[in-house]
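2 protein chains.
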Amino acid sequence: MEPAAENSNLWRWGNPANAVHLSQFPKLKLFLENKFGTKLNPDIKIPSFKSAPSRFSENDLKNIFPDLKQNQVSLQEHDRLRFTFGKSYYDVIKMLTTQKIFSPDFVLFPETIEDISYILKQAVKNKIKIITFGGGSNVVGAFDTDASMPVCVLNMERLNRLIEIDYDSHTATFETGIFGPELEKILNEKNFTLGHFPQSFEFSTLGGWLALRSAGQESGLYGKIEDIVLQMKIVTPAGIIENIGFPRHACGPDFHHLFLGSEGTLGIIAQAKLRIHKKPENYFWKIALFRNFENGAEALQEIIQAGIHPAVARFSDISETKLSSLISHTEKKGFQKIVQSLMKSWLKSKGYNEPCVLMMRFAVRNDSDYTAANTAAQIAKKHGAQKLPSSVAASWEKTRFSLPYLRDTLVEHRVFIDTFETVTYWKNLVPLYHHIKKALKSNSDYFDKGGILLCHISHVYETGASLYFTMITAQEKENEIEQWQRLKKIVSDAILENGGAISHHHGIGKDHQNWYLQQLNPETKKFLQAIKNYIDPENILNPGKLIDAKS
Amino acid sequence: MEPAAENSNLWRWGNPANAVHLSQFPKLKLFLENKFGTKLNPDIKIPSFKSAPSRFSENDLKNIFPDLKQNQVSLQEHDRLRFTFGKSYYDVIKMLTTQKIFSPDFVLFPETIEDISYILKQAVKNKIKIITFGGGSNVVGAFDTDASMPVCVLNMERLNRLIEIDYDSHTATFETGIFGPELEKILNEKNFTLGHFPQSFEFSTLGGWLALRSAGQESGLYGKIEDIVLQMKIVTPAGIIENIGFPRHACGPDFHHLFLGSEGTLGIIAQAKLRIHKKPENYFWKIALFRNFENGAEALQEIIQAGIHPAVARFSDISETKLSSLISHTEKKGFQKIVQSLMKSWLKSKGYNEPCVLMMRFAVRNDSDYTAANTAAQIAKKHGAQKLPSSVAASWEKTRFSLPYLRDTLVEHRVFIDTFETVTYWKNLVPLYHHIKKALKSNSDYFDKGGILLCHISHVYETGASLYFTMITAQEKENEIEQWQRLKKIVSDAILENGGAISHHHGIGKDHQNWYLQQLNPETKKFLQAIKNYIDPENILNPGKLIDAKS
Numbered sequence: 082m083e084p085a086a087e088n089s090n091l092w093r094w095g096n097p098a099n100a101v102h103l104s105q106f107p108k109l110k111l112f113l114e115n116k117f118g119t120k121l122n123p124d125i126k127i128p129s130f131k132s133a134p135s136r137f138s139e140n141d142l143k144n145i146f147p148d149l150k151q152n153q154v155s156l157q158e159h160d161r162l163r164f165t166f167g168k169s170y171y172d173v174i175k176m177l178t179t180q181k182i183f184s185p186d187f188v189l190f191p192e193t194i195e196d197i198s199y200i201l202k203q204a205v206k207n208k209i210k211i212i213t214f215g216g217g218s219n220v221v222g223a224f225d226t227d228a229s230m231p232v233c234v235l236n237m238e239r240l241n242r243l244i245e246i247d248y249d250s251h252t253a254t255f256e257t258g259i260f261g262p263e264l265e266k267i268l269n270e271k272n273f274t275l276g277h278f279p280q281s282f283e284f285s286t287l288g289g290w291l292a293l294r295s296a297g298q299e300s301g302l303y304g305k306i307e308d309i310v311l312q313m314k315i316v317t318p319a320g321i322i323e324n325i326g327f328p329r330h331a332c333g334p335d336f337h338h339l340f341l342g343s344e345g346t347l348g349i350i351a352q353a354k355l356r357i358h359k360k361p362e363n364y365f366w367k368i369a370l371f372r373n374f375e376n377g378a379e380a381l382q383e384i385i386q387a388g389i390h391p392a393v394a395r396f397s398d399i400s401e402t403k404l405s406s407l408i409s410h411t412e413k414k415g416f417q418k419i420v421q422s423l424m425k426s427w428l429k430s431k432g433y434n435e436p437c438v439l440m441m442r443f444a445v446r447n448d449s450d451y452t453a454a455n456t457a458a459q460i461a462k463k464h465g466a467q468k469l470p471s472s473v474a475a476s477w478e479k480t481r482f483s484l485p486y487l488r489d490t491l492v493e494h495r496v497f498i499d500t501f502e503t504v505t506y507w508k509n510l511v512p513l514y515h516h517i518k519k520a521l522k523s524n525s526d527y528f529d530k531g532g533i534l535l536c537h538i539s540h541v542y543e544t545g546a547s548l549y550f551t552m553i554t555a556q557e558k559e560n561e562i563e564q565w566q567r568l569k570k571i572v573s574d575a576i577l578e579n580g581g582a583i584s585h586h587h588g589i590g591k592d593h594q595n596w597y598l599q600q601l602n603p604e605t606k607k608f609l610q611a612i613k614n615y616i617d618p619e620n621i622l623n624p625g626k627l628i629d630a631k632s
Numbered sequence: 082m083e084p085a086a087e088n089s090n091l092w093r094w095g096n097p098a099n100a101v102h103l104s105q106f107p108k109l110k111l112f113l114e115n116k117f118g119t120k121l122n123p124d125i126k127i128p129s130f131k132s133a134p135s136r137f138s139e140n141d142l143k144n145i146f147p148d149l150k151q152n153q154v155s156l157q158e159h160d161r162l163r164f165t166f167g168k169s170y171y172d173v174i175k176m177l178t179t180q181k182i183f184s185p186d187f188v189l190f191p192e193t194i195e196d197i198s199y200i201l202k203q204a205v206k207n208k209i210k211i212i213t214f215g216g217g218s219n220v221v222g223a224f225d226t227d228a229s230m231p232v233c234v235l236n237m238e239r240l241n242r243l244i245e246i247d248y249d250s251h252t253a254t255f256e257t258g259i260f261g262p263e264l265e266k267i268l269n270e271k272n273f274t275l276g277h278f279p280q281s282f283e284f285s286t287l288g289g290w291l292a293l294r295s296a297g298q299e300s301g302l303y304g305k306i307e308d309i310v311l312q313m314k315i316v317t318p319a320g321i322i323e324n325i326g327f328p329r330h331a332c333g334p335d336f337h338h339l340f341l342g343s344e345g346t347l348g349i350i351a352q353a354k355l356r357i358h359k360k361p362e363n364y365f366w367k368i369a370l371f372r373n374f375e376n377g378a379e380a381l382q383e384i385i386q387a388g389i390h391p392a393v394a395r396f397s398d399i400s401e402t403k404l405s406s407l408i409s410h411t412e413k414k415g416f417q418k419i420v421q422s423l424m425k426s427w428l429k430s431k432g433y434n435e436p437c438v439l440m441m442r443f444a445v446r447n448d449s450d451y452t453a454a455n456t457a458a459q460i461a462k463k464h465g466a467q468k469l470p471s472s473v474a475a476s477w478e479k480t481r482f483s484l485p486y487l488r489d490t491l492v493e494h495r496v497f498i499d500t501f502e503t504v505t506y507w508k509n510l511v512p513l514y515h516h517i518k519k520a521l522k523s524n525s526d527y528f529d530k531g532g533i534l535l536c537h538i539s540h541v542y543e544t545g546a547s548l549y550f551t552m553i554t555a556q557e558k559e560n561e562i563e564q565w566q567r568l569k570k571i572v573s574d575a576i577l578e579n580g581g582a583i584s585h586h587h588g589i590g591k592d593h594q595n596w597y598l599q600q601l602n603p604e605t606k607k608f609l610q611a612i613k614n615y616i617d618p619e620n621i622l623n624p625g626k627l628i629d630a631k632s
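Chains A and B are the protein sequences, given in the same order. Plus 81 on top of the position in the first sequence (first one is 1) and you've got the working numbering. Plus 81 on top of the position in the second sequence (first one is 1) and you've got the working numbering.
Among the clues, some could well be false.
To be verified - Straight-line Cα separation of at most 35 Å, DSBU-like style, residue types lysine-lysine; simulated pairs: (1) B:Lys463 x A:Lys266; (2) A:Lys360 x B:Lys463; (3) B:Lys360 x A:Lys359; (4) B:Lys591 x A:Lys607.
Just so you know, the hints here were simulated from the structure itself, not pulled from any lab data.
Produce the complete structure using the sequences and hints provided.
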């Protein structure tokens, strides 16, 4: 893999060279146009922005941070704008509709842990907010901040070094500003892998993964980032906090979990020791088509509860299964060909009226992985699954990191496209799926107006799994913000009211804060606030997020 | 399994009906007598104790806790003495040598979470220390306290109810005063298991496991208690704190890890939601004999790093392998017969000069478990292992919870017998083993005087493993305390100086506190102290343990 390219365009995803156009997806375009009853035209023009002037001059910053080198400080328009928005649909429409935007006053580039400590010390003294920036790929309003205090962005990109690899113990310690591809390249050189591949992989950093509790596509085998990390060095206004580490221990509280998911409010995670793994000898797929969502969910539950762990497990509902067949670039090939030819006649006759595809990718580390995969396939069959060829997965493999590019072109065509995700226990999983669909149906005209809701089950555990939804509908012109807020509220309320968590791996940011706070009792909130108050009494670390110091 | 019997004898383990006598182990007795150069006689008489008078009368307690029922309050000698000592060798010799002992002033028996909240409120008001008691099986000086403040023991045994089982999601919620056998019995009725079997299983509680980060013998499959717990309700002077739960989530800090291993200093864990599992269809053993410790350690590392997870993995060094053969009750049977007959001639000729036994117990949940076990056996063979029959494991199965009874009779024969354990990364595992042996050799006359050091590797992870040691030597009469302190210091210093954790699953208590504190940097200590100060500003929760509120 190549090291991370730019992800610096104000709203577009990734590397401009990889951008796609909707015309490359004629079937999808036609399908959406029929659904929405309107032609899709690329008629959005995101205005070009100028940030408000910084409240600091170069000289001011020299006086506040005399120990930093000149190239560690930036007041550049480009740098400041880059840290203004995340990469969600809501970020895009905020750009679309906001006349005046707020950008951080300046950007600092620490190069060492000592730099971070120094910056925090000076920031406390001068009452400057610190927002830590990794790859900028967040989709939860993580940068959303107000202008009441001066704001400094801490760009971690220069803290990107390998500290140590212990091939014997399968551990590696990195600085957290390192991007996914760089980190993976270092490990791959010795035939190792971290195994952490979120969709943002190419444009996100280790620090971002840790601070927002990221999950990779192969979490079934390697776990979420909280399962991967062993030890962290966290720089805070109250000093450098470091947990004991070790594979496991019985040495008092394991406090590093407080900083996982702390989203920049409790400290800057500067270094992390991680579990690494030998690269699997091989990968292979088991693909199964189910008659409906319930059958597939039951099969997947039985597979995982039998102790079988596909690296990737992704079970799409009927809407996602259908739509997936429309985004193959070329005709009559792979997934599209198979699903089309199978679905159109033969399947209906066999009762596959609501065909749903389960894709399981197994990593081969030893022979038992083959046996496990075969047992998984048998369980699927028991639940009525039809085996599909591995080529169905080719589209997933090709687009595993690139679907955001498709999002971009859809947005330019005034398509509302947003994702949300949750996690719950198995008993509640299919009911929650139906509750969310029902909430959208009962509380809006979403489906009446041609809106599409896609869903897949992924990140599967013995006790439950994640549900990942994509909403696609026609954008309400001149009403973009309100439309998003209205739909977001409906689905988020439905999640909480029906026993889901407000996020499994996207995080909280500003977008989920309201629902996050509802999940905590008042005494738990006060407890977290007390921790915040001790670590950050001046409330400079990403204030306004999670539990705020000032209630 | 039967529900927990009494573990209430002041120093003896478990159920008096199961006590053993050294005469049942003639080979062991002879071996030790030869080693120590003295006859072993049961000449220790533990004095019978009277506790100092309580500082409270029945009336005092009625006034302080008017809302409690009469049978929730005890000033009885029996109850108070029971909570004075743990179950370690050090506890026994303290009893042996201390003239005046300190017992808690009174014992309370909460029956609900509300009771606990109420007791804490009154305790804060009246400045009474609270020591939470589960099964009393600790071996790290967890009860060691001073008499400077009044002391109340909170006996959790009446909070022993099942709250909810979700067989669909494989979760169960219990109150934490429940003992291992009761909990397991409830789950077994529906063919489920928690899979958590510490050696103390019969006489320890869920709450104790959580508060001290316990590990069960089958941790290879089910994880340590911190891997098993999903959600906890923790009663503190600052209110009831409850984490978000779910199989995984991205909803901010996961703060329940602060209370795991908090050893009663941060709150009373009252309820816990746990992962449960279908009982495996079957269990089977793979037993292998290696030429030396290094070969077996390498094999075990390769097995676990190939993604193979035996439920139990126990690899004994040469000393433990030898001693294990001496504790079979009957002659010419099972382990003893095989090891004897094999070892005496044939093995030496094949280069098994330092025979070390690896026992792996596999749980069968699906066919891949057989494949995995066979691969594990092949890896062992590659490292020079000789296959042994499964019957070798019969002794382990028989004595898996009962070795403490043997400890008792050894202690009565003036044998010093104590265990300690650590965990480190693979790279450091065998070196740490040798460092500890060397430290004992260089800094004491332990081996010169016939002292025996047994060790096994267990609790195996991809990144490292635990080392579990047993020290057996002749007791230095009239010098019992000093002897223990001297040896404890040598091995604990050696652990820390050579990259081990001071505990993998026993916990900290008073015995490990000194070394625990050395593992934390000053800023981390202050951070933990700040958390303690917020939760427990009056310092009533097990004061003096872990990070004390008053530094």
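Here is how each hint holds up against the structure:
Straight-line distance between C-alpha atoms of B:Lys463 and A:Lys266 comes to about 31 Å, which keeps the hinted pair within the 35 Å bound. Distance check on the hinted pair: A:Lys360 and B:Lys463 sit about 21 Å apart at the alpha-carbon level, within 35 Å; holds. For a cut-off of 35 Å, the pair hint linking B:Lys360 to A:Lys359 stands: about 31 Å separates their Cα positions. Between B:Lys591 and A:Lys607 the CA atoms are separated by roughly 30 Å; this keeps the pair inside 35 Å, and the hint holds.
The structure fails none of the hints (numbered hints given earlier).
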